[in-house]
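Keeping their order, the protein sequence lines are chains B and C. So the mapping is simple: my numbering equals the position in the first sequence, first residue as 1, plus 742. So the mapping is simple: my numbering equals the position in the second sequence, first residue as 1, plus 1.
Calculated directly from the structure, the hints in this document are not laboratory data. Since the model is a prediction, treat every value here as computed from it, not as a measurement. Even glycine gets a Cβ: it sits at the ideal position worked out from N, Cα and C. Take these hints with a grain of salt, some might be off.
As the list claims (entries may be wrong) - Now the in silico label distances, taken between C-beta atoms and shown as ranges:
| hint | chain 1 | residue 1 | chain 2 | residue 2 | range |
| --- | --- | --- | --- | --- | --- |
| 1 | C | S74 | B | R804 | 29 to 39 Å |
| 2 | C | E328 | B | S755 | 46 to 56 Å |
| 3 | B | E752 | C | V323 | 54 to 64 Å |
| 4 | C | W97 | B | E752 | 25 to 35 Å |
| 5 | B | K749 | C | V276 | 27 to 37 Å |
| 6 | B | L801 | C | E253 | 45 to 55 Å |
| 7 | B | G767 | C | R341 | 29 to 39 Å |
| 8 | B | E776 | C | D153 | 54 to 64 Å |
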Amino acid sequence: MEEKQPKFEEALSELENIIAELEGGELSLDDSLERYERGIKALNACRRILGEAEKKIQLLLRTPDGELKTQPFEAEEIMREPEREKEGDEDVPF
Amino acid sequence: MTDQDAPDLFSWRPRRGGRDEDRRPEPRRSPAAGRGADEREILTVSEITARIRKDLETNFQGVWVAGEISNLSRPNSGHTYFTLKDDKAQLAAVLWKSAARGVRFELREGLAVLAHGDVTVYPPRGAYQIVVSRILPQGMGALQLALLQLKDRLEKEGLFDPGHKRPLPPLPRRIGIVTSPSGAAIRDILKQVSRRFPGVEILLYPASVQGVRAVPEIVAGIHALNEYGGVDVMIVGRGGGSLEDLWAFNDEAVARAVYASTVPVISAVGHEIDVTISDLVADVRALTPTAAGEMVVPDRAELLRHLARLQDRLRGLLVHHVSVARERLRAVEQASVLRRPLQAIRMQQQHLDEHRADLRRMAASWLAALRERTKSSAARLESLSPLKVLARGYSITFRPDGAIARGVGDLAPGDVVRTLLSRGSFTATVKETTHENGRKAAEV
Chain B
743 MEEKQPKFEE
753 ALSELENIIA
763 ELEGGELSLD
773 DSLERYERGI
783 KALNACRRIL
793 GEAEKKIQLL
803 LRTPDGELKT
813 QPFEAEEIMR
823 EPEREKEGDE
833 DVPF
Chain C
2 MTDQDAPDLF
12 SWRPRRGGRD
22 EDRRPEPRRS
32 PAAGRGADER
42 EILTVSEITA
52 RIRKDLETNF
62 QGVWVAGEIS
72 NLSRPNSGHT
82 YFTLKDDKAQ
92 LAAVLWKSAA
102 RGVRFELREG
112 LAVLAHGDVT
122 VYPPRGAYQI
132 VVSRILPQGM
142 GALQLALLQL
152 KDRLEKEGLF
162 DPGHKRPLPP
172 LPRRIGIVTS
182 PSGAAIRDIL
192 KQVSRRFPGV
202 EILLYPASVQ
212 GVRAVPEIVA
222 GIHALNEYGG
232 VDVMIVGRGG
242 GSLEDLWAFN
252 DEAVARAVYA
262 STVPVISAVG
272 HEIDVTISDL
282 VADVRALTPT
292 AAGEMVVPDR
302 AELLRHLARL
312 QDRLRGLLVH
322 HVSVARERLR
332 AVEQASVLRR
342 PLQAIRMQQQ
352 HLDEHRADLR
362 RMAASWLAAL
372 RERTKSSAAR
382 LESLSPLKVL
392 ARGYSITFRP
402 DGAIARGVGD
412 LAPGDVVRTL
422 LSRGSFTATV
432 KETTHENGRK
442 AAEV
């Protein structure tokens, strides 16, 4: 279930490397164009990864027979609740 | 008494345990050389003090001492001097100014404290004392001491080792959280995460964060998130609370679960309190759950702005490269060989033309000279021509065999000869021949 897409940091660092290469100024025009195309691809990959919004918040639970399962977690409810759980405020003396 | 005398003086003494039987007497050693009492030595006060000091300072490093404060004195130096005592003994104590700054309660006469430090000897007074590095009111008692001891132990074991800490992933796809599903912590975390990076996947393992179920549930949560797979980072924590409330996060089992986690862990416990042990073990400590929510994901809007800046740079660099290339092309175009490609050829042609003219000139003058020479030769030739001679009245006579008759001797009477003279010839028969001397040679 783990799809292997390029990771954001990989795509970003490729983009940054390409920019560094272009800044180095040692490239031929053909190479520059090739780097530019790759840079745009990496850039698009970064944007695509940033755009993946699944908006999933799930509870991870272990069933009595030891299996892990997930179930939806209703975050809205607790997000609205302004009252904080009772948690002590007292400082400790050290 | 000399050094050599000293051993002999005591050589009569009975020896203990026979260990020294085969030991030959040796000169007094300096205090620095070797430890342990050699009964044959005589030590100066300084020497024995140095040995005592070494023993004490080796064996009483980092000790915890429980006692009551008395004789408290705080001179202007800022150092604090006092005596720790119980009902049977007392121990001089000093708290240097630097360590005193870390003490968060007031030292008073009669206060029961736990002091942590190293025992040292103060040679000028022949006194030993404890140099206190940490001091706690004993009111917190056993819990506090146990915590400190656990902390020391885990630290020695390397659980807080910075080398073990991993960096957080820059962009986690799946975030695990171990905390109470109804606490302030989850709300604070989710608020920050959804503000900064809406839509990232979150797995919440619900765990009690205080009370007897807290430790096993937190440990189970850390394990479950490791086992589930694909979790890039996890936050383990709760909101602030009293020391007792936070106790689970000072538990050894939790510390070990955090240490063993292959998923990087952000510890986010309270904010009003000293560092918990899980804070120390975790890869990253967040001061609050809110801070954990901020550090666990990047700000997407900021990332997008960063990407836009990178895109601008990328485009700018390409434009730059193209314009550099264009500039080079233009420079090449400007080169005369391309601008006037025929120039070189024309120059060669011109050169050639010049040579050709020279050549023509030379040929002409040579021809003229030649012509001149030919002309004079012709004149000379003409003057020598036999025809010219014939015109002057001479004639040439050929013998019948065609040879030129060069003298009268070549002819005989009766010969048919041909005579060549100007404008023609005639044929005749020799009647007679006459020599120059008048003698009749022949009759024609």
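How the hints compare with the structure:
1. The hinted range of 29 to 39 Å is not satisfied by S74/C and R804/B, whose Cβ atoms lie roughly 60 Å apart.
2. Separated by about 31 Å at the C-beta atoms, E328/C and S755/B break the suggested range of 46 to 56 Å.
3. Between E752/B and V323/C the beta carbon distance is about 28 Å. The supplied range of 54 to 64 Å is therefore violated.
4. Range check, W97/C to E752/B: about 51 Å between beta-carbon atoms, so the 25 to 35 Å window is missed.
5. Judged by the Cβ atoms, the range 27 to 37 Å given for K749/B and V276/C holds: they are separated by roughly 32 Å.
6. A C-beta distance of roughly 27 Å is found between L801/B and E253/C, which places it outside the suggested range of 45 to 55 Å.
7. For G767/B paired with R341/C, a C-beta distance near 32 Å keeps the hint of 29 to 39 Å intact.
8. Between E776/B and D153/C the beta carbons are some 59 Å apart, a value that agrees with the proposed interval 54 to 64 Å.
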